[in-house]
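**Q** Assemble the whole structure, with the sequences as input and the hints as a guide.
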Amino acid sequence: MTQPFRTAAGGRVDRGRPVRFSFDGQPYEGYAGDTLASALLANDVHLVGRSFKYHRPRGILSAGSEEPNALVAIDRGPGRITPNLRATAIELYDGLTARSQNRFPSLRFDLGAAAGLAAPLISAGFYYKSFMWPPSFWRRVYEPLIRRAAGLGRAPEEADPDRYSHRYGHCDVLIVGGGPAGLAAALGASATGARVILCDEQAEPGGSLLDEPGVTIDGWPAPDWVREAIATLGGSVTLLPRTTAFGWYPGNTIGLLERVTDHLAQLDGTLPRERLWQVRAERVVLATGAIERPLVFPGNDRPGIMLAGAARTYLHRYGVKVGGRIVIATDNDSAYRAAIDLHAAGTEIAGIVDSRTRVDGEAVQAARALGIAIRAGQTIAGTEGRSRVHSAKLSDGTGVIPCDTILMSGGWTPSVHLFSQSRGQLVFDAGSGTCLPSEGAVGACAGVFDLAACLRDGTEAGGSEPRRFAVAGMPALAHGRPPAAAKPHRSAFVDFQNDVTTKDLAIAAAEGFVSIEHTKRYTTAGMATDQGKTSNLNALATMAALTGQDMQAVGLTTFRPPYTPVTFGAFAGVARGALFAPVRLPPIAAAGVVLEDAGTWKRARCYPVGNETAEAATVRECLAVRNEAGMLDASTLGKIEVAGPDAAAFLSLIYTGDFTGLVPGRCRYAVLTGEDGFIRDDGIVARLTADRFHVTTTTADAAFVLHHMEDYLQTEFPGLRVWLTSITEQWAVIAVQGPRSAEVLAPFIPDIDLGPMPHMSVRDGHIRDIPLRLFRVSFTGEAGFELNVPPDQAQRVWDTFLQRGVTPYGTDAMHVLRAEKGYIVVGQDTDGTVTPDDAGLAWTIAAGDFVGRRSLSLPDMKRPNRKQLVGLLPSDPAVVLEEGAQVAGDGAVASLGHVTSSYFSPALGRGFALASIAGGRARIGATLSVRMPRGDIAVTVVDPVFIDKPGQRLKARPVQPVAAEPLLPPRPWRAPTCRPAASVRLTVLAPTTRLAIRAGGPAATGIGLASGVLLPTVPNRSVIARDRAALWLGPDEWLIVAPDDAGDLRAEALKAAAGHPVSVVDVSHATRTIELAGSAAAWCLNAFCALDLDLAAFPVGMCTRTLLGKVPVVLWRVAGDLFHLDVARSYVSYVWDCLEQARLELADPVVTDT
Amino acid sequence: MLRIPCPWCGPRPENEFRYGGQAGVIRPADPAAVSDAAWGAYLHLRDNPKGRHVERWRHLHGCGRFFTCVRDTVTDRIASTHKPGEAVA
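Protein sequence lines, in the order shown, are assigned to chains A and B. Heads up, the first sequence is in this note's numbering, so the first residue is 8 and it goes up one at a time. Heads up, the second sequence is in this note's numbering, so the first residue is -14 and it goes up one at a time.
Source of the hints: derived by calculation from the structure; they are not laboratory data. Any given hint might turn out to be false.
[Unchecked claim] A short, non-exhaustive set of chain A residues, derived as facing chain B with CB atoms under 10 Å: (1) 223; (2) 287; (3) 722; (4) 856; (5) 1039; (6) 1098; (7) 1099; (8) 1103; (9) 1114.
[Said to hold, decoys possible] Pairs of lysine to any residue residues, derived as SDA-like cross-links and limited to a Cα-Cα distance of at most 25 Å, are as follows: (10) B:35 to A:926; (11) A:1117 to B:-14; (12) A:956 to A:834; (13) A:1117 to B:41; (14) B:68 to A:685; (15) A:869 to A:926; (16) A:1062 to A:1023; (17) B:35 to A:566; (18) A:869 to B:22; (19) B:35 to A:562; (20) A:828 to A:765; (21) B:35 to A:445; (22) A:828 to A:1023; (23) B:68 to B:22; (24) B:68 to A:926; (25) A:869 to B:-14; (26) B:35 to A:609; (27) B:68 to A:746; (28) A:828 to A:721; (29) A:1117 to A:986; (30) B:68 to A:1028; (31) A:609 to A:597; (32) B:35 to A:568.
[Unchecked claim] A few chain B residues that don't get close to chain A, going by computed Cβ distances all over 12 Å: (33) 1; (34) 36; (35) 41; (36) 55; (37) 62; (38) 64; (39) 72; (40) 74.
We put the CB at the ideal spot given by N, CA and C, even for glycine.
**A** Below you can see the structure in the form of structure tokens.
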């Protein structure tokens, strides 16, 4: 007969839908609505696992997520094996495959159980005491031994094929737990019109009410009342079943794990396996209930010994009898209900063993009336049975009761884990011996066990007037006795999951452990994924007795998140593989290019031709620049427009140089130091006009430099009238370098005379009809130019030069070329302890104050033996030193410094290096020794400039007048197209004119009038006037959006400012706009954006910078279901792909328009 | 995630902000006139209180402004935030 322990009728399982599953290869049958545990019990399977340390046979203790014993692995195929799942929380589905753990070769015959025989040896502190000597054994013997024995379950080895998603949620009231108190709280909260989220970890809300078919609430049988309550809440409350509140984080942020597909027999390709919610709640109501405590007696861990309340759950909710002949052990009334109910179901109750000497009350009398033997003042002194308990021995020695099941109840512990995580104040309740939350909890979590009181308190906790519910059929129960201390015994288990016994606690006490936190770590009681759900209070009571303290003095250990285990997949969400981090690609693409990471960007390392190696390509590229002309995509360099009457003064405070005397049209190399005097960044400062500068930064430090400048501008030098605008992505940059560079460029640039343009100068002009900001600068030592062009046009300019024979070169060649000239790379030749003088850049330091100047006169900064940048030439020209290699005096041991840059120079035909050497400049000419893996290499210290020390090559040759030539036609940009879905549509909009405005009040008004749209003064609001809009982005910062054909808005705006200091920067090309339209637009955004996008919180017209996933965006609600996202060009594909991931979850009828 | 009230934009999620260290550490007006010891203290010495801490934050992914925030380092509760120049209660 299948399912021999299934009742004839009753329970909430669907007996019309049998479900097949297997456990350890053995096929079984259960019903839809079962958990794996209930289905196993229905099939009389009690032995389900082996314990962690002693490999003792273990059964099912509980009926919920507190289960410490029945941990199994679920196998859904490659990559979908999940270990250590609680059988009591696994919903049964057709074809479910489960395996027991921690046994070999089989669950019934486990070799590891030998550990159980050695149990007396491996008690608390065993590892610390045993694996000490000899030290030579630590790595070779002890560690492998410990590692083999450690850990429970096996992680899958394949990549996880499932999808996981994240979601930000916002509500007025978050209710954790859908039992009676939680449901009543939801009713109470929704009646106030509040936004409510109710989460419950089980498949079906209702909690303990689902176990109470005999109880009525307002005349409804309790399970039906649950159904009615859910129906009432349906429209107004966000109900999240299968959702565990696993952590309470600062700012009332609650982490929820929603299990979306684990209960489905067929996986849905679109839904994520799990959703991780971060819910920001104005108020949290904890209705997390209470967990029944086991009794601690010798042999209390055998299969067939379970919690009394769990037996009632199995009976009433699943229609399963947990045994045939049952002994009940208790110290309170609640277990009597299990006796009465199981008796009614036809199970033999062999007796109730009650530790209380005087027992009375409604439930006790009812049991007595049924003829059930009650043995008051007795406890269980021991049990027998290997894979199933078969007898219980009474403490007074009066006998042994044969049985196949022991149900125990040691009282109920309120589930205060989340409250403890919130850093809330737990108050010790001497009556019950438990700790209760001082606020925010309701029902059993607050220590209230009377159903009517739970319901009444719930409505009040929800925010309504307390409502009375008529409850009938629930016997009055005497709850609330502190747990009794148990005597030390080697098989009296306190913590089942971690195999901690009262004897272990006694050892800890005997060895002087007083603090409960230390005892926890020494014995492992209450650790790991269990977090002491069933064990904490018993351990506490035992320790209190052992150390002669009262329980309150011993105190509770800190509960840690997560409440139950959370998968790594859920934490990662979509941030894995291609979406792990945004991939920023520069605007120029080339076939065959080898890319490398540079800060957040990808940059071209080299451009191999045919089968060329990267090394060979680099040599060819270097020679092309030295002899002809090469071009580098330098678009990733950071660019900042610094505008305002005090711009020159400000830059002179930020960089080591003085820019007040810099003539418009000229540039200067600039070194940025921190206040500590050490080099942080370098770049070019170009003066466009008297009050407007174009400043470049390194690729990796662009964001840092802007933040650093804003910091000083806003907080140290607020009197300066200067504004900063990032223009990094407004311009693509092509560096054309080499003796033929001017000759190559001349035919395309009609309005700038390249010949007379001096080294370190800047001009605005055109390359054919394209706007051009042309720098005459060099990072190669050759005469060269850097062309700043709109990024949409960069590819055609590049392709045109390519066709003209200009050799593309990558960062590898760039590094060789710059090092040959002794030009440093910040972060490579500097390391945060290098002053300008150390790097040979003292010449950049001007008179007067700047950030870092004072530090340069501190004694240590003037020490003669500081490490200084020098060149090294290996005695063997074929040798290329290793970067990072230590440099020492010949034959000496102590390091003098290290190699910072080292390459093979095609121009010199040999290896060369830059190095940071103590007193380096005084050692020029000396021979030192570099430590390399194959032995020391002799090197000569030289000046760090290897090529063209006088700088003759930087001078451009005069250019003969040449005929104008056309550029190749532009390559059209193809906007991505989105998967069709009705509820939200993504579109990348065509480019429009965008101006970044920075101005004070009067100028702002003037600009608003002149540009046809007033600049809003209310934070985060927008104004739309006809075809243009103005967005407030900061207290003196706006974005004007206008059609592409709006004319020269910038000139108009500047004119309208009428002499007031302003900054007006064209940023049209820096971003693209992604439009989200449709009813699910906000829903999609909230998968990545932490803002509350409810219409009341984020109304139409609201606009702000924020974060979307890992990138900054400007978010603008144009209409109720219409959002515009301004995204930096290089982030568009990341944002697009993220949003597409969110759209995958929409169960939408797919629209088939094209 | 903390919810930090930006003096301009109102309460916003923590990930939009960047911490800026202790507030009120003022750069000497004439650094050259400051002793080495005083300069070293300006560079390196900061309070590390248990409890009330007046600190700088920047609404980096928002309005971009630096502001002053009074936070309890034990509870993480934010008592108040202030625009630059406003008196801190």
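**Q** Each of the hints needs a verdict: does it hold here or not?
**A** Status of each hint after checking the structure:
no.: 1; hint: 223; verdict: violated (43 Å)
no.: 2; hint: 287; verdict: holds (7 Å)
no.: 3; hint: 722; verdict: holds (5 Å)
no.: 4; hint: 856; verdict: holds (6 Å)
no.: 5; hint: 1039; verdict: holds (8 Å)
no.: 6; hint: 1098; verdict: holds (7 Å)
no.: 7; hint: 1099; verdict: holds (9 Å)
no.: 8; hint: 1103; verdict: violated (13 Å)
no.: 9; hint: 1114; verdict: holds (5 Å)
no.: 10; hint: B:35 to A:926; verdict: violated (44 Å)
no.: 11; hint: A:1117 to B:-14; verdict: holds (15 Å)
no.: 12; hint: A:956 to A:834; verdict: holds (24 Å)
no.: 13; hint: A:1117 to B:41; verdict: holds (23 Å)
no.: 14; hint: B:68 to A:685; verdict: violated (31 Å)
no.: 15; hint: A:869 to A:926; verdict: holds (11 Å)
no.: 16; hint: A:1062 to A:1023; verdict: holds (20 Å)
no.: 17; hint: B:35 to A:566; verdict: holds (22 Å)
no.: 18; hint: A:869 to B:22; verdict: holds (16 Å)
no.: 19; hint: B:35 to A:562; verdict: holds (23 Å)
no.: 20; hint: A:828 to A:765; verdict: holds (19 Å)
no.: 21; hint: B:35 to A:445; verdict: holds (23 Å)
no.: 22; hint: A:828 to A:1023; verdict: violated (51 Å)
no.: 23; hint: B:68 to B:22; verdict: violated (31 Å)
no.: 24; hint: B:68 to A:926; verdict: violated (48 Å)
no.: 25; hint: A:869 to B:-14; verdict: violated (45 Å)
no.: 26; hint: B:35 to A:609; verdict: violated (43 Å)
no.: 27; hint: B:68 to A:746; verdict: violated (54 Å)
no.: 28; hint: A:828 to A:721; verdict: violated (37 Å)
no.: 29; hint: A:1117 to A:986; verdict: holds (23 Å)
no.: 30; hint: B:68 to A:1028; verdict: holds (19 Å)
no.: 31; hint: A:609 to A:597; verdict: holds (13 Å)
no.: 32; hint: B:35 to A:568; verdict: holds (24 Å)
no.: 33; hint: 1; verdict: violated (6 Å)
no.: 34; hint: 36; verdict: holds (14 Å)
no.: 35; hint: 41; verdict: violated (7 Å)
no.: 36; hint: 55; verdict: holds (16 Å)
no.: 37; hint: 62; verdict: violated (9 Å)
no.: 38; hint: 64; verdict: holds (14 Å)
no.: 39; hint: 72; verdict: holds (16 Å)
no.: 40; hint: 74; verdict: holds (20 Å)
Violation of the numbered hints given earlier is confined to hints 1, 8, 10, 14, 22, 23, 24, 25, 26, 27, 28, 33, 35 and 37; the remaining hints are satisfied by the structure.
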